[in-house]
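What follows is the residue order along each chain.
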Amino acid sequence: MGGDGYLISATGLVKRFGDFTAVAGIDLGVRRGEAFGFLGPNGAGKSSTMRMIGCVSPPSEGRLSILGLDAASHGPQIRARLGVVPQQDSLDVELTVLENLTIYARYFGIPRAVAQRRAAELLDFVQLADRAGDRVEPLSGGMKRRLTIARSLVNEPELVLLDEPTTGLDPQARHLVWERLYRLKQRGVTLVLTTHYMDEAEQLCDRLVVMDGGRIVAEGSPSALIARFSTREVVELRFDLADLDGARGRDIADTLTGLADRVEVLPDRLLLYTADGDATVTAVTDRGVEPMSVLVRRSSLEDVFLRLTGRTLVD
Amino acid sequence: MATTVRAVPRGRAAHVLAYHLVGYRRTWRATVFSSFLLPVIYLAGIGLGVGGYVDRGHHLGVAYLSFLAPGVLATTALTIGVEESTYRVFSQFEWDRTYEAMLATPLRVVDLLLGQLAFVVFRALVAVVVFLAVMAAFGTVHSPWAVAVVPVGGLIALACAAPTFAFTATQSSAQGFSVLQRFAVIPVQLFSGVFFPVSQLPAPVRPLAYLSPLWHGVELCRGLTLGTLHPWPALGHLAYLAVWAGVGFALAARTFRRRLVV
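Quick note, the sequences are listed as chains A and B, same order. Whatever position you read off the first sequence (first residue = 1), add 993 for the working numbering. Whatever position you read off the second sequence (first residue = 1), add 5 for the working numbering.
These are computed hints drawn from the structure, not numbers from a lab. Just so you know, these numbers come straight off a predicted model, no measurement behind them. Where hints are given, some of them may not hold.
What the hints assert, rightly or not - Residues from chain B that face chain A, not an exhaustive set, calculated with beta carbons under 7 angstroms:
#, residue
1, G50
2, G54
3, E99
4, T110
As the list claims (entries may be wrong) - Just a few of them, taken from the derived set where beta-carbon distance is under 8 angstroms, the chain A residues facing chain B:
#, residue
5, V1049
6, G1055
7, R1056
8, R1072
9, Q1081
10, E1087
11, Y1190
Yeah, the Cβ is synthetic: ideal placement off N, Cα and C, and Gly gets one too.
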């Protein structure tokens, strides 16, 4: 552990690829036992940051210390104590499920017998024990993901890096992965993950940063971020598309001035950010506005995310 | 600082070699044709068939089959060296992404290279041993020095594999490999003194044959199985192959790093 009490600590971290700056100077501190998330649209610099923390990508600038060691000079020593779940599965299709774990364990210098025992335990942990002798190729996406997670744990890491751990999984598989990750966290393992699922971030992360354009634009716990960048509740007023066309949307919004902290006009909806949704709905009806449907909901991290990173599509 | 730095494991390249061997346990059958049967077919077809004609002229001073066999042996080592270094390596970069997974562990780029090149050499050694036995059965081994073709075969494979690793690391698609095969591997196989002495080549192109690592390998193997090798030229050939292996390794380390450590 570093002298500053952080398991990961970064100052002025920059990553450039030629002329392109993927990470434009970020400061970070992740404490032991924490579940820390990176949120951000595609191209925000999340994966580049993760690869630098994983000591597979040297920073272009700045200081990065992991487990109290300098990332620039102690790559192999740091990697010996990390678990990594990359964005794309990199399992070995020539090997069996079990061999994928035992061979990988050997790269960490884990003795054969220990590797065998640990691999069996881990297959139990990710509910793949009955597939131990099978080839990897025919496994489902969820199974491959779980196997990748099991592989990342083979060296009993203190810190596990997960790059979009549940992207592409069906809901059952996602919930199983979440539950297993939660158990790891209970055991005191520090988790660092990237995601663009807001529910995932809310479920798993104690603290998170929102990245956009290579910079950190907000930082805090999910509830603190909601409190700071959104309101307690959101009223969604749905209209016929023609009703909100061009200036008409703005007209309706003007009618509703003062009823909410913030009014957002979308092509099919008006969003009213407010502390008390039901009271706002009553006030809306009082002013004679009649939407097709009304929905009152709690504010979510998604509202924060969209507010901070915008609604423009990023590919 | 209170934390002890956990020691980085020893023998990292050996674990990489072990990994490739485990995979090979499952895929070796697919390599039997190209590594064993094809060379034997060459030997029987060209050696006996063409050999019948050639031997009537008595130009070689030795039966054509005995002339050809060590050349085919050296070619087999080259073929394995290149074959194992193209699609297989590319797939580990791009399709299966095994290199990425390996580099997330304490392994370094040099460990990946050393371990996998050791595997390529292993493949060549096995093929050369089998081929040597076949040569003996055909009565084409004329000197006890012939056993030395085994390590020489390994060196030929390494001298061809290391630069091919470097080439593969620069490729963004698999299309380059058929170009490599057509414009490098096949001409080298045809004009490196395997099927006829390079003295048959027109004088202006002969130096090209001398540049080919295969020609040096063929000279070594032929000298060893016929028992005609002289020490000084032998050292020259070995040194030339070692330079290819060494420079190839340095280039491979550079191109691998450029591709993987970004």
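Interface restraint verdict for B/E99 against chain A (beta-carbon cut-off 7 angstroms): 11 angstroms, violated
Agreement of hint A/G1055 with chain B interface, Cβ distance less than 8 angstroms: 17 angstroms, violated
Restraint satisfaction for A/Q1081 [CB to CB of chain B, less than 8 angstroms]: 6 angstroms, holds
Restraint check, 7 angstroms cut-off on beta carbons, for B/T110 near chain A: 4 angstroms, holds
Evaluation of the interface hint that places A/R1072 against chain B, nearest CB under 8 angstroms: Where the cut-off is 8 angstroms and the nearest Cβ of chain B is about 5 angstroms from A/R1072, the hint holds.
Agreement of hint A/R1056 with chain B interface, Cβ distance less than 8 angstroms: 16 angstroms, violated
Per-residue hint verdict: B/G54, partner chain A, C-beta under 7 angstroms: 39 angstroms, violated
Evaluation of the interface hint that places A/Y1190 against chain B, nearest CB under 8 angstroms: Constraint on A/Y1190 not satisfied, violated at 23 angstroms.
Minimum beta-carbon distance criterion (8 angstroms), A/E1087 to chain B: With Cβ-Cβ at 4 angstroms, under 8 angstroms, it holds.
Interface hint status, A/V1049 versus chain B (Cβ within 8 angstroms): 5 angstroms, holds
Hint validity - B/G50 Cβ closer than 7 angstroms to any chain A Cβ: Violated, because the Cβ-Cβ distance from B/G50 to chain A comes to roughly 33 angstroms (cut-off 7 angstroms).
Of the numbered hints listed earlier, those contradicted by the structure are 1, 2, 3, 6, 7 and 11.
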